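Participant: Taken in sequence, the protein lines are chains A and B.
The numbers in this note's numbering rise by one with no breaks, and the one at position 64 of the first sequence is 64.
Positions in the second sequence are counted from 1; adding 113 to them yields this note's numbering.
No lab work stands behind these hints, which were simulated from the structure alone.
Each hint should be verified, as a subset may be incorrect.
[Unchecked claim] Mimicking DSSO-like on lysine-lysine, the simulated pairs with C-alpha atoms at most 27 Å apart in a straight line are:
1. 11/A x 213/B
2. 78/A x 11/A
3. 78/A x 213/B
Values in this document were obtained by computation on a predicted structure and should not be read as measured data.
Read off the chains here:
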Amino acid sequence: GAGVSQTPSNKVTEKGKYVELRCDPISGHTALYWYRQSLGQGPEFLIYFQGTGAADDSGLPNDRFFAVRPEGSVSTLKIQRTERGDSAVYLCASSTSGTDTQYFGPGTRLTVL
Amino acid sequence: GQNIDQPTEMTATEGAIVQINCTYQTSGFNGLFWYQQHAGEAPTFLSYNVLDGLEEKGRFSSFLSRSKGYSYLLLKELQMKDSASYLCAVRSNNRLAFGKGNQVVVIP
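Sequences and hints are given; from them, build the entire structure.
Facilitator: So this is what it looks like as structure tokens:
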């Protein structure tokens, strides 16, 4: 079956701009996660959704970052007033529930110039 | 807080066995995962331990000691395609806390 998909695969933007990153989880997975991975580092947790609600958003670095999952499937990570330090690969993962194995998408590579 | 430690890089010969270690200190524990990540690709799930002991899955085995905060991943009969980063991750409160990853380079 289809895995987790993410669009776009690459995004280049200028400092101060707004970006949206999209994640399509595996069909039927109720839990969805966003992580951020910088070069040479492991993924860093950002936010966890169970269904439509954000069950844990404690990993979001500041209020420029926001994520939604209005229908309990597709999720969008939104970053306002982007900064060069936001450049990273943004990974999405999903699982059947919060206690099961997380399966990752290919990520979106964000570059802020 | 979470602290996950892994060695950064190792080189091994095709056909050999390699052991990748991971030590952790976490405020909660609900399982330890190993993922493989090739350059520019997504992490892919390899193994999961929640109880102490060894889990074997083909050429890959993973061991956990909760009292020592220690795990290892054993890769047997190394193949060139095993060249990748191996990430150790601890689950706590539904989130995964990852180490930096151990880069394994397989040479002929």
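Participant: Which earlier hints can't be squared with this structure?
Facilitator: Failing hints: none at all.
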